[in-house]
Every structure is written in C-alpha cells, then in structure tokens.
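Residue strings, one per chain:
There are 2 protein chains.
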Amino acid sequence: MSEAQPLYAKVKDHILENIRSGAWEAGRRVPSENELVESFRISRMTANRALRELTAEGFLSRVPGVGTFVKESPALSSLMELRNIAEEIAQRGHRYSSRLIRKGLVDANPALAEEFEDRALKQLFHIVIVHEENGVPVQLEDRHVNPSLVPDFLDHDFTETTPTAVLLAATPVDELEHTVEATLPTTEQQRLLNIAALEPCLALYRRSWSRARVATVVTLTYPASRYALYSRHRTNARGTFSQ
Amino acid sequence: MSEAQPLYAKVKDHILENIRSGAWEAGRRVPSENELVESFRISRMTANRALRELTAEGFLSRVPGVGTFVKESPALSSLMELRNIAEEIAQRGHRYSSRLIRKGLVDANPALAEEFEDRALKQLFHIVIVHEENGVPVQLEDRHVNPSLVPDFLDHDFTETTPTAVLLAATPVDELEHTVEATLPTTEQQRLLNIAALEPCLALYRRSWSRARVATVVTLTYPASRYALYSRHRTNARGTFSQ
DNA sequence: AAGTGGTCTAGACCACCAG
DNA sequence: TGGTGGTCTAGACCACTTT
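Heads up: the sequence lines are chains A and B, in that order.
The numbering of the first sequence is numbering that gives the first Met the number 0, which starts it at 0 and goes up by one.
The numbering of the second sequence is numbering that gives the first Met the number 0, which starts it at 0 and goes up by one.
Hints are computed from structural coordinates only; laboratory data are not their basis.
Note that the structure is predicted; figures quoted are calculated from it, not measured.
Check before you lean on any hint, since a few could be wrong.
A pair counts as met if it fits within one copy or between any two copies, since identical chains are not told apart.
List of simulated lysine-lysine pairs, BS3-like, C-alpha gap at most 30 Å [said to hold, decoys possible]:
#, residue 1, residue 2
1, Lys70, Lys121
2, Lys102, Lys11
3, Lys70, Lys11
4, Lys9, Lys70
5, Lys102, Lys9
6, Lys102, Lys70
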C-alpha cells in the first residue's frame, strides 16, 4: 500500500495532517526550514520545496525574516457542493430511486491513467447508475474509482447508499475540479434517461482528490428539462474576487 | 521598470512569452532542462524549478524519459469566480474582441421587477454583447443593470472595458446566485453566435447583490463546442462539505 | 547577532524511454 | 546507450526581521 514517497511529499503530508486535524490552528507558526532539516534529516532545499509548494497551494503564508504560518482557510463557495442526490430529492419531498446499470472492474487505458494522474494504474472500478425522481430519470452517473484509495468500493449495494455517500465516508475530499458542458445525448443516454434525441443535457464532469491522489472521476448527465444546477452564496468578507 | 528578477522567473517568462505569442504551439516540445542550463547559464535545479512550476500552473506537461511539452489550453471558464472574460481569453494567449449589439434604457416589466426584487423599479439599463476569442463568438452576454446602483453604467464604452469590470469597480458584490442550464439556441442566438440550430448551449444565469439590492442580472450563453465552465478548488482544511 | 525565508550552484543517483 | 525528467544533497550568498 505505502508507495515510495518523495521526501518533500512526506514533509508536506506531515504538515497538512497537522492542519487538517486541527492541531495547528490558523496563524500558528510552522517549523522553519532549518527545523525541518533537523527533524526530518533532509537538506534545506527539500524542506524549502515542501513549504514553498504548500504556500502556493494556499495552506501556508511566509514572511521573509519572520517565519511560516498556517493560513486562514478561505470560505468555500458552494456552487458545486457534493450533494447527495438522494437527499436532495428527498428534501424536495419526492421519491428517490435508482437503477444500477453497470458495476465492475475495468482495465485502465492511457486516457484514464492520465485522468487519474497515475501512469501505473492498471484497473479501475466502474459503475453506471440512473438516479430517478418520482420514477423519472434525472441523472445518469458514470463513475470510475481508484481502487487503491477505496478498495472496498464494489462491496456496496448502491440501491441503498449512493456512491457519493460511500466515497465521502471512505476518503476525505481535498480538492475538486468541475467542468460543465452542454451536450446532446448519445443514443445510449437517450435510452437510459428516456429522453428525445434533441433534448439538450448538462454534463457535469468532476474529479476529486484525496491525499494528493485522484480518488474518483465522474460524469453526471442531466436532461435539461429536468434539472438545472443552482447555487447562491454570500461572498467572502474581503470581497476577494479575481480582477 | 525592470525589477531584479530571479533566474527561474526569467526562464518562466521566456517560455510563457513563446506560448502566449503563439510561437510555440500546443504539443510542441520545449527545451529540456539541460538545454535551458546551457542557454541560460543556470544550474539544472533552477531550470527544473521553472519547468516544474509552469507544469503545476497548467501550461506544460512533462513525460519522464521523453520531454516537456506545451499543453493544450482548453477554453474553460471558472464557475465560481467573476472572471473578466477579456482577461481570461488574454490569459490563454488568444485575441479578445467584442461586438456591442444593444445598449440602452428599457422599461421594466413585472418579470424584471421580480428578478430585481424591486416592484418600484421603472427602468433598467440593458446591454447585449457578443464576446469573441480569435474572432469566433464564444459568449453572448445579455445583461440588465439596476440604474440606482450604477447610474453611470451606460457612460462606458464596452469595447475597451467589459461590463463585468465596470460593475466590479462600481459596486461590491455581496451575494451571488447562479443557475446553469443546457439549452438549444433561439434563432437570434444562432445568428449572433454563428452556430447551428442543433448546437447545444450552456446558459449561465447570474444575479448579483450589492448592499442587499440586486445590482445586475445577466444571462451568459456559451456554445457547447466552444466553451465549458470550469472550477477547481481546494476544500477547506477541516473538510467541511455538506453531507 | 541570530534566525528567517529566497535563491542558486554543481554535483549526484534513479527510473524511464528512445534509437 | 544516451537523453529525459524526478529527486536530493551540502554547501553558499543575500535581504530581511527580531532580539
């Protein structure tokens, strides 16, 4: 299980662990480069790389001549919350159901290995599920999961628990990437979602990272007539908008 | 003007300049670390840092044993941020242009008054703009603006400054609402965006509040083939996700 | 003066890929 | 076999801040 890990990555993990666990609160000073050199028995360049990358990633801030500090974690905006579709539908007072279309192990190909940022990846879990609201298909979920991060993924019966719930319980989500596109459905999608060929769809593509590795890649397809993505949120007090 | 610049930054700038200018197209091999060592008279670690950072920033991709290459820059728009589309396009090294279709004062109707949460609203600013990337329409902006919040809105010439930039400069953004839908284009949209009737589009509807009042309501229409919405963010260190 | 981060060097070893 | 990227070291000089 435990891959050979570069030294700078070990240092980063150690620091992140302390931040995530709450042991090091925002504003707290983290070990200096020289202190890391001693405690990890590494060169200063390696310690520097760990602190520099964590700074670039937004976890730390550095002040020359003073030290390195845990940064306030910015309020997360909510357009793309990881909502559990079953709960979302239940919240609207409707009946949730699902149909499991595919569930199994598939061989990786170069494109999938690239998506998972892991050349060595040989096999992946793959599931396809249709989620229904009052019996009407509203979402087609096509998901690949990294077996090394969630080895027991296929043990679940996804009629009772959604894949999202399983994954959230199994691994922390450190980072999310979303892409939203408009598409016309493939013939298979038309069949599974029971829609016309000219019904436009929203395709939400999402990658989730856990501990610096891609845990799952999913494409969610929504018929336009039955679903829209929505969010509303207050902006952060500092008004931090790009430009 | 010319600040003292670290060596790795000079190397990064040199490479970015070549990418932005189009001299180095996507897929093209960039100089190897050893080649940079020779041409810039730097150490390999410095060359490595430049290439590694540009890779982390999404400009390059590296393949061990093979080389470093200019990455495709897909047209992607951040969902979460209020990005200025002109800067976004410029950032990709492409040419931004726009066509002003409509600009003026319109009477409010009940639906608009409802959207602006202000029954007393009598008139509104209205603009329609087509934004182009390398001369190709990529976004249709249909925007209403609350005159009481941005009285001088129409004084601007939107060929030089985008409406987003004008609004961000004029009022703080306190709250945002987004809805994303997939649509098929109306005939007018087909004409303005120069797309086929069967080209699906993303419709991003956004309301912005400033000081508890709706400042602007905008619908941004993107042809699916030319644009996707994109966001990537780190989750809060404490892992605060809904559900 | 001592400690901090910011940068840089000139080597090194390794895994990987190509011809 | 030679080139590539990936990592690491043990030094170094600098500007800066704190004591």
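Checked hints:
Only between protomers do Lys70 and Lys121 lie at most 30 Å apart by alpha-carbon distance; the minimum there is 25 Å, versus 38 Å within a single protomer. Proximity of Lys102 to Lys11 under the C-alpha cut-off of 30 Å is found in neither arrangement, the shortest distances being 35 Å within a copy and 45 Å between copies. For a Cα distance limit of 30 Å, the shortest separation of Lys70 from Lys11 qualifies both inside one copy, at 15 Å, and across copies, at 27 Å. Taking the shortest alpha-carbon separations for Lys9 and Lys70, both the intra-copy value of 20 Å and the inter-copy value of 28 Å come in at or below 30 Å.
Taking CA atoms no more than 30 Å apart as the test, Lys102 paired with Lys9 passes in neither setting, with 35 Å inside one copy and 51 Å between copies. In this homomeric assembly, Lys102 and Lys70 never come within 30 Å of each other (Cα to Cα): the closest approach is 39 Å inside a single copy and 34 Å across copies.
Consistency note: the structure conflicts with the earlier hints numbered 2, 5, 6.
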